[in-house]
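Chain by chain, the residues run as shown.
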Amino acid sequence: MKIGLLIRLAVFLVLVALLIQPDLFQGFFALFARPTQPAIYNQGNLLDITISHLTIVAIAIALSTVVAVGLAILVTRPFGAEFLPVSRTIANVGQTFPPVAVLALAVPILGFGTAPTLIALFLYGLLPIFENTLTGLTTLPPNVIEAARGVGMTGRQRLMRVELPLALPVILAGIRLSTVIALATATIGSTVAARTLGEVIIAGLQSGNTAFVLQGGLIVGILAVLIYDALAGLERWLTARTGQKQAAAN
Amino acid sequence: MSLAASADIEKKPWHRLDKLGVLVAIIGLAGLALPFALFRANRIVPGEGIGIVGSLDDGWSILLIAAIGAALATALVRFRPIVKLAAGFLALAVLAFAIGAAASHLTPADNNYARVAPGAGFWLLLLAFSLMVTDALTRLRLRPVWRVALLAIVLGAIGLILWSGLWSNLSLLKEYASRAPAFWQEARTHLVLAFGSVTIATLAGIPLGILCYRVKPLRAAVLNTLNIVQTIPSIALFGLLIAPLAWVAANIPGASNIGISGIGIAPALIALFAYSLLPIVSNTVVGLLGVNGQVVDAARGMGMTDRQRLLNIELPLALPVILTGIRIVLVQNIGLATIAALIGGGGFGVFVFQGIGQTAMDLVLLGAVPTVGLAFAAAVILDAIVEQISIKGRGA
Amino acid sequence: MIEIEDIVKSYNGTTVVDHISLTIPPRTMSVIVGTSGSGKTTLMRMINRLVEPTAGTIRIDGEDIRDVPAHELRRRIGYAIQGHGLFPHWTVAQNIATVPKLLGWEKSKIEARVDELLGLFQLDPAQFRNRMPHELSGGQQQRIGVARALAAGPNILLMDEPFGALDPLIRAKAQEDLLAIQRKLGTTIVLVTHDMEEAIHLGDRIAVMDKGKLLQYAEPAEIIVNPATPFVADLIGTSDRPFRLLSLTRVGDHVETGTATGSPIAADASLRDAYSDLLWSGRTAAPVTRDGQAIGIITLAACARMAARPQ
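The listed protein sequences correspond, in order, to chains S, U and A.
Numbering follows my numbering, with no gaps: position 206 of the first sequence is 206.
Remember, my numbering sits 1000 above the position in the second sequence when you count from 1.
Remember, my numbering sits 2000 above the position in the third sequence when you count from 1.
The set of hints was computed from the structure by calculation and includes no laboratory data.
Check before you lean on any hint, since a few could be wrong.
Capping the alpha-carbon separation at 20 angstroms, the derived lysine to any residue pairs in SDA-like fashion look like this [claimed, not checked]:
hint : chain 1 : residue 1 : chain 2 : residue 2
1    : U       : K1019     : S       : F83
2    : A       : K2101     : S       : L159
3    : U       : K1019     : S       : A81
4    : S       : K2        : S       : T154
5    : U       : K1019     : S       : P78
6    : A       : K2101     : S       : M160
7    : S       : K2        : U       : A1220
8    : A       : K2101     : S       : W237
9    : U       : K1019     : S       : I90
10   : A       : K2101     : S       : G155
11   : A       : K2101     : S       : A10
12   : S       : K2        : U       : N1224
13   : A       : K2101     : S       : P165
14   : U       : K1019     : S       : T89
15   : A       : K2101     : S       : R158
16   : U       : K1019     : S       : I73
Bound conformation, chain S alone:
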């Protein structure tokens, strides 16, 4: 446990150093660049690009979470029960749409820049969160729900105090999945002129500079691993607290 924490801290520090003082890594990245090529990305500040990348992902996932959880609540109430079967199917079918296709199809409507990327990440992020929230809200222990009704909670109180808190670990698993997908997919947003780490990777691909590709990929990879790990830890803590079984990883 202690060692795990140490490794995480070390990885995080490496990431921070790479973003603030990339020149420290000059020697390492020079191994991957040809002698005539710059080893460190020189067409923009890595920290700025990373912050922009994270901001786009954070906004998209926050929107996805609000909308997906809201929709899942709606279709699990008596009023929206008629939409439950079809919404399950749509969530299932929707995930067969490749993220690149969603991104490409958003361009004609929204033009180039951050907007199509944001929308594509938002739309693609909806499905795992929606699906997991549905699973969470429809597989609650029946005697707990019965007790919540029995003690005189209104529908709203049941939802806010019992159902959502109990479904939280499963919902978080959905958010985690969406976030990791969005972190990777955001790189493709650079092809439609969004400011993300894809810019570094694509610059490397275009100039045949592997050092750039490695930098971009490494930063996104570390971000994804750290965020994945943190959210998974939060889920484990929540489930352990209630003595429930560990929520499914996906």
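Here the structure of chain S is known, so what remains is to put chains U and A in place on it, guided by the hints.
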């Protein structure tokens, strides 16, 4: 209590209203209000939206509006799912016919530059009736065989329309017509990338999964490593494989003769393979772990060897879970293969990224539509296979 | 007082509770007993409107329960279920405080109430207040479930197979605790069970249900001696009748003067226990003590007399 509630439905007239139908009708009406077709003087200028009335001869347009109205009305009332399915499919067929007719109607004779594309109205109508059909299909709970049959019928119908030339004047098909050989070339590459990588990953992943199942200390290490591979963005992984492969091609005799090189299909195939391993390995482990312990005990008690137990008992019982892993990977790789285009790996992504570069929407669609269609068909077919095997397993 | 009047519940034409009327007197424990599918749980769940009746009326202290919003009604009625139904994400104290919190009690009053109830159920507040439900044993979980139901001091407590998930030893203890608490608080309790033994042990009155119909509603002795239908007789079991009858009576009520040797029997033990003790130890009489004081003897003959069918 929900049972009791349904008993009241017959009594109150407004309960005959289908809530999903209301949503379908709202989307459908918005679709009727928005431009049905988009006319452009050439392939990259912004278009001009044209309503249904302007898109077709007067007689046809009235007929189309009436047909859509009737279908939306059907959506609003609680009919049996089979009735809704029929109405939805009929409406979709009418739409398919109308958009082709609109393209022919709007394209000036002998003008090769003008482009007619479906407008926002058409897409919304398509969405509305797809929703109606999806809901009906979900409620019908079709058996797997029927679902695949239905998919075949729909694909056959689309093929027939394409062959008949009904859609020939649509901009998407004009885009296709001007680069048909390239389209089929990239289609082949796309299939090789997606199916090839999944095939290799299955051949490697299942034995690795069995190994992880048998050797417990190995399990966490392998799964964690593969998990980390998944977090690397696909373009980066593609890119990172270029350098080592270029080195292999240059330094290992014969490597370049068998098609290995820094750019092109090799790094894409390897990257897709790497992405595929995790779901297949982890589903194999989960599937094997999920086999009922009593069954395994019984097999052991009857004197089966480890090998016999694995082949005759454990693997067949874990098969649905393993197949689910393959389904996830296949759908994922059909999508990811588009990114191979960025490193010269080919596939439908070529059209998508060229289209983005030229702001030519039709070109983007030429790449995106087949990709989505392929992924969808793969998902339906594999879902059906998984369900069929599970049903068989339960029935025995 | 709970008055159930000609109540009917049907789902899609299947009647699960069929024209039942019964009155539950205040400060008593009534047990509804029947096999699964007899409609006993449905009948009880209609009292706090977890199930809405198809026809008929239920009144509590003269007031029609339909005149109160369902959730407010439920806050006034305690409800404990099989497998306790504790909220797994809340501590023991938060679980017990559920209804007081819904009713908007003051924080200090809630805290005092939680500690009081934990004490009542022989759980040390300092030790248990902040535990999570999954950290408790089955018996402790069950007690917290009942404590939660009693938290707001309801006049009525509904219990659905409350001891169903407990093993026999803990179950017997939980039954004794419930009897003690009922005597102490004077709560009107309606308890549903499939176990006739439990019904006879706990109930002031027993309602026997089968296929949605109320077969008999009477005091335990009456049910044992004069079962209304062959089904009721079957539930009791003919060979067990004398022993069930004995279990209804306390030793203290049949003490005779005299002396006897051997280990004494407590006055509040049942005659059944005394009978069993006498047979096993080969005595014809045993001394009876109340609070350690000898008050007389209980004889084998007295037990035998009480086990016979009353004339």
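The hints, checked one at a time:
1. Distance hint between U/K1019 and S/F83 is fulfilled; the C-alpha atoms sit about 8 angstroms from each other, no more than 20 angstroms.
2. Note on A/K2101 and S/L159: the hinted pairing holds, with a Cα-Cα distance of about 16 angstroms set against a maximum of 20 angstroms.
3. A threshold of 20 angstroms between alpha carbons decides the hint, and for U/K1019 with S/A81 the separation of about 10 angstroms falls inside it, so the pair holds.
4. Annotation: proposed proximity of S/K2 to S/T154 is violated, straight-line Cα distance about 45 angstroms (limit 20 angstroms).
5. Using a Cα cut-off of 20 angstroms, the hinted pair U/K1019 and S/P78 holds, with the two alpha carbons roughly 12 angstroms apart.
6. With a C-alpha separation of about 14 angstroms, the suggested pair A/K2101 and S/M160 falls inside the 20 angstroms cut-off, and the hint holds.
7. Between S/K2 and U/A1220, the direct Cα distance comes to roughly 18 angstroms. Compliance with the 20 angstroms bound is thereby established for this hinted pair.
8. The hinted pair formed by A/K2101 and S/W237 fails the criterion: a straight-line CA distance of about 26 angstroms is larger than 20 angstroms.
9. This hinted pair checks out: U/K1019 and S/I90 have alpha carbons roughly 17 angstroms apart, not beyond 20 angstroms.
10. With a C-alpha separation of about 16 angstroms, the suggested pairing of A/K2101 with S/G155 holds against the 20 angstroms cut-off.
11. Restraint check for A/K2101 and S/A10: the C-alpha separation of about 46 angstroms exceeds 20 angstroms, so the hint is violated.
12. Our distance criterion of 20 angstroms between C-alpha atoms is met by S/K2 and U/N1224, whose separation comes to about 18 angstroms.
13. With a C-alpha separation of about 17 angstroms, the suggested pair A/K2101 and S/P165 falls inside the 20 angstroms cut-off, and the hint holds.
14. A C-alpha spacing of about 17 angstroms is found between U/K1019 and S/T89, which places the hinted pair at or below 20 angstroms, so the restraint holds.
15. The hinted pair formed by A/K2101 and S/R158 meets the criterion: a straight-line CA distance of about 13 angstroms does not exceed 20 angstroms.
16. At most 20 angstroms may separate the alpha-carbon atoms for a hinted pair to count; U/K1019 and S/I73 meet this at roughly 16 angstroms.
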